[in-house]
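K.L.:
Listed below are the residues making up each chain.
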Amino acid sequence: MRKFISGIAVILLYSMFLQAQIPFLKELDITRDGSSLRINKIYQDQQHYIWIGTSAGLYRYDGYNFQKISGSDSTPNPAVTAIMRDRTGCLWIGYEDGTIMLLKHNLLSEYSPQEGTPKVAITDFASDSSGNIWFSTYGEGLYTLRNNLLYNFNIDDGLSDNSVYALTVCKSGEVWCGTDVGLSICSWKNDKKIVERLSQAQGLPDNIVRTVQSGPTGVIWIGMQDKGVCYYDLVTRRFAIPSNLQQWNYGMVTRICLLNPEEFWVGTEKSGIVDVELFGNMRVRECGRASGLGANRINDILQDAEGNIWMAANNILLFSTGEKLEFIHSVNDIPLNNIQAVLHRKNGELWLSTPEKLYNVILNSDGSRSITSMFEKERLGALSILCLYEDSSGNIWMGTFGKGVFYYEEKTGTLRNIREDEGLANDNVLSIAGKGRDVWFATLGGVSRCSITSDHSYSPLETFTQENGLKENYVYDVFIDSKNRVWFGTDGKGITKYDNGVFQNFCKDDGLKSDVIYSITEDSHGIIWFSTLDAGIYSFDGKSFRNFSLGEGLSEIGISSIKADDHGNLIIVNDFGIDVMETSTHKFLYYGAESGINRMDPNLNASNKDGDGSIWIGTKSGIIKVRMPPTLPDSKPFTVLNGVQIFLNDMDENQKPVFSYKQNHVSFDYAGLYFSSPEKVVYQYKLDGYNNDWIKTRDRFITFPNLPPGTYNFQVRSALNSQFRDASMVSFPFTIEPPFWKQIWFYLLVFIVAVSIVSFVVKIREKNLRRNEQRKKEQIEFQFETLKSQINPHFLFNSFNTLAALIDENQEVAIIYVDKLSDFYRSILTYKDVDMISLKEEWHLVTNYIYLLQHRHGESLRLVDEVGEKREDLMLPPLTLQMLVENAVKHNVVSKARPLTVRIFMKNEETIVIENNRQPKTQQVASTGFGLRSISDRFEILGGKRITIEQNADHYQIELTLIKNVLHESSYY
Amino acid sequence: MKKIFFFVTILTCLCKQTRESPLVFSCSDGVANFFSYAPLEIIKASTNQVRGAIDISTRTFFFAISVNTFQGFNSGLQQEHFNENYIESDEFPEATFKGKFIEEVDFSQEGSYEVRSKGILELHGVKRERIIKGMLTVKDNTLGVSAQFTVLLEDHNIKVPRVVYQKISPEIEVTLNAILKPNSE
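If you read the protein sequences in the order shown, they are chains A and B. Take 2 as the starting number for the first sequence in our numbering and just add one per residue. Take 0 as the starting number for the second sequence in our numbering and just add one per residue.
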């Protein structure tokens with residue numbers, strides 16, 4: 002769904018219609034491209050949104066803005082002719098061209114069943130008791146969606162006509178259709194279509210039925226072309242026209258809106274709205290035309306959940322708080338300004354006093370009003386009458402400022418003035434009340450009482466002042482309750498009760514916050530209510546006082562009068578509007594500017610309750626009649642979440658509310674739908690997971706920037722006058738996901754990787770340690786073996802023999818021999834703790850060894866050196882080569898006839914080969930094989946390759962891959 | 000069969016009364032296909048022996064299919080099952096749809112029109128009222144008809160054993176194409 006508000010101007014026109022007593026109407030104008038749109042349909046869904054079908058598409062109204070609902074830019078906007086919400090929450094929208102659109106989860110989509118859609122205008126929708134959808138067309142009859150198949154009812158099935166104007170579903174589930182040729186009642190019975198027809202033959206007054214409306218009391222209301230309104234009683238199966246509506250002069254009926262069992266509004270083609278009040282058995286109490294609408298055609302009427310009434314008057318949307326408030330601003334061009342006192346008499350006359358005049362307004366039988374100025378001759382009006390009272394005999398008592406009380410006996414036409422000299426406490430009379438034969442006067446000098454006598458006169462006055470029991474002489478209001486107790490509201494001394502000759506006073510000492518009491522009344526449960534100067538209102542149940550002020554839901558504390566109606570409500574009048582309080586629930590409703598009340602500055606106690614229980618209030622600019630319905634409408638705003646935005650872009654409604662860490666700029670667009678007075682709505686919001694306190698605001702949009710990752714729950718509630726206790730609330734739980742590196746799986750992954758790295762390192766280290774240990778062990782073993790072999794007595798014996806021979810032959814050589822021998826042994830000692838030595842060093846050692854051997858073996862042992870340069874960067878474990886040479890000598894025959902040749906050469910850069918010709922001794926020398934294995938192991942431990950041995954019949958060859966020392970200079974020293 | 004001959008005869012009689020332009024169009028070689036898209040098997044079958052008639056003066060029509068003329072099953076066994084177990088073509092040899100067009104169509108103007116028809120679909124002996132959307136093509140003094148719709152087996156009391164649910168869709172898709180020519184005397 003795309004939303005845009007541009008191009009729509011909302012013009013609020015406060016129409017103050019003169020002349021007639023009509024409810025306040027507010028005009029709302031939806032314009033596009035400068036021209037007003039024709040309004041065809043008004044509908045309210047369960048979320049309380051008002052949907053408006055116009056000549057150019059669908060609009061949604063939330064009390065603040067009209068939002069155009071459109072699928073896409075290219076979608077044409079034909080006129081909307083029908084709207085309905087089905088059980089599943091889907092909104093069905095029918096258009097003039099036969100198109101049907103569905104709005105679900107704010108997504109607009111075309112309804113396109115395989116059966117195709119009508120080619121003519123959709124006129125109405127209905128949902129029957131089984132939840133099946135019905136829609137009527139202008140030309141193709143009626144369609145119904147049943148078990149996912151679309152069926153048609155038309156003339157061929159017995160329908161009165163193919164052009165159906167309106168649908169309604171009666172209590173038993175049948176669908177009633179209004180056509181040009183009577184009514185058709187359609188239903189299914191055992192999979193068969195059933196159509197019953199009703200027309201003039203059955204008593205229908207007019208065959209052209211424009212609208213049908215099923216009533217709660219088992220009747221179908223029928224709006225006709227010429228004959229107005231009739232009803233069909235489902236029990237007696239008869240048509241009837243309510244009495245007084247037999248003569249219908251208002252033209253074609255377009256719509257009937259049932260407000261409550263006693264009242265309905267009729268929309269007409271030429272005469273606007275006709276208001277019909279019923280009582281008893283379908284008799285019309287009052288039928289008046291709301292003439293302020295002019296000759297407007299009414300296309301649709303809707304009563305919303307708050308009881309407000311919406312009217313589509315061609316191209317204006319009219320809004321009214323309904324019958325609750327009615328205004329009389331003037332009668333016959335005489336403005337009713339600065340009303341000081343109001344009296345609705347038992348005979349229906351309305352007496353009003355202004356500072357200059359006393360008027361009598363009479364409602365004539367034709368609905369018009371006439372006005373007369375009373376007591377012109379006596380110039381009574383100019384005396385500024387402050388209070389009016391009609392006693393039980395129909396005599397009028399009038400209190401003035403400075404001129405005492407005037408008593409008017411209507412039967413004889415006598416007028417008498419009662420002044421201080423006749424016993425009146427004071428000539429400034431602020432309030433008069435009475436019960437039975439008693440009449441009480443509240444003045445600025447105490448209170449007085451008299452009784453009406455049987456001869457239409459009155460007894461002598463009895464006065465109470467500060468001297469004889471009254472606490473305070475300044476008395477604003479006097480009230481007599483159902484238990485015949487008399488209550489006085491005083492200026493500065495609280496409230497005083499007079500019961501059986503005893504005065505009892507309640508003031509600040511008794512817990513009241515204010516001692517100035519302006520107005521007193523009693524509700525239907527016998528509880529006394531009174532208003533104060535600046536502390537709101539109090540209730541008194543006979544035992545204790547209870548205060549209701551701004552915090553409890555009162556909108557203003559400057560209260561001028563308080564009156565209880567017959568339905569358990571208090572009507573509380575202040576300078577700016579009217580609070581209505583349901584005394585059983587302490588629920589407050591407010592009527593202010595939205596309801597048509599401009600600043601009214603009412604006079605003190607300028608209000609009166611009439612015989613019907615309506616309250617009449619005099620204001621600066623006329624009279625307001627307040628008549629609350631038997632049950633108060635829903636007075637709470639209904640909270641809705643219009644949308645959620647991420648970085649101010651609308652969130653896809655179907656998306657799961659899980660955002661990435663980058664989508665952390667979240668905005669909420671919400672509203673508290675309360676059409677009676679949107680400006681009174683205040684909000685509280687809270688974002689669980691961010692801030693746990695409710696924050697009060699008047700804004701309807703809130704943004705949370707830079708939200709850290711986490712789980713949140715946005716909650717918003719709306720209320721009037723901060724009464725958030727039972728407020729309607731919406732919530733939007735959502736999650737901002739942490740970036741991947743802060744998510745649990747990532748932590749786990751990191752942990753696993755770290756653990757495996759550590760364990761790997763530990764393993765390697767363990768392996769190294771083990772290998773080192775092994776090497777150490779091998780080295781020790783090798784050293785032991787080497788030493789063992791070198792101090793092998795055989796070697797020493799041979800060496801010493803050689804030496805002995807040399808001493809004889811050549812002493813110089815002998816000395817060299819001893820040198821070499823000792824050098825050899827020193828080398829063994831030097832290298833015993835060293836892991837590796839360079840090839841050069843090893844070679845030196847081997848040379849010494851060979852020298853020693855050669856002196857013994859002479860020419861029989863030959864060493865062929867083909868190594869070339871003895872590199873220092875090639876390493877090997879010490880005594881390796883020596884041992885291999887020793888092995889060769891040990892295992893082979895060394896003789897002059899078969900000399901042993903040991904050839905040492907480099908196979909490649911790093912591989913050294915020790916090769917000897919193979920001539921094994923006949924008697925094998927015992928060999929442990931330790932030497933070769935030990936060399937091989939040591940090479941491996943030091944990170945080299947194992948040695949390889951190749952032998953054939955002639956040769957024995959051992960390959961050693963030397964270890965390259967990167968550092969060149971060995972660090973093993 | 001009797002029904003259609005009766006119907007056509009009546010229409011022909013009507014036609015004979017006004018000679019200027021043909022009022023009744025008919026055919027006997029229309030093509031109908033049906034498709035069953037089940038998870039485990041796709042079944043398609045067709046017939047080219049659809050008979051039909053349209054009376055343009057009353058916007059009424061009649062189409063009939065001999066159900067045992069459907070060919071093109073996946074196997075001979077399947078065709079046998081179709082005829083014997085499901086559609087029971089011996090007992091209910093004909094599937095018919097007769098009714099009336101909802102929209103007014105100017106048959107004198109060549110062109111294609113989307114029309115919806117409301118009528119009774121009879122299949123497997125069960126009559127159901129249906130609205131079927133289709134295209135009517137007026138061209139060269141012929142009427143082309145094409146339509147596509149679905150049939151719920153359950154609606155027509157055609158029972159599919161639970162075992163073969165995976166092989167036969169509960170919703171069968173049907174297409175119909177026919178060119179109707181004016182009835183000659």
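Rather than coming from a laboratory, the hints here were simulated on the basis of the structure. Since the structure is predicted, the reported quantities are computational estimates derived from the model, not experimental observations. For every residue, glycine included, the Cβ atom is placed at its ideal position computed from N, Cα and C. Treat the hints with care, since some could be wrong.
[As the list claims (entries may be wrong)] According to the in silico footprint, chain A covers these stretches of chain B (three or more CB under 8 Å from chain A): (1) 22-29; (2) 110-118; (3) 123-137.
K.L.:
If a hint holds in the structure, say so; if it doesn't, say that too.
P.N.:
Now for the hints, and whether the structure bears them out:
With 0 residues carrying a beta carbon less than 8 Å from a beta carbon of chain A, the stretch 22-29 of chain B misses the three-residue requirement, and the given coverage is violated. Three residues within the 8 Å Cβ limit are the bar, and the stretch 110-118 of chain B against chain A gives 3, so the coverage statement holds. Look at the stretch 123-137 of chain B against chain A: 5 of its residues bring a Cβ nearer than 8 Å to a Cβ of that chain, three or more, so the hint holds.
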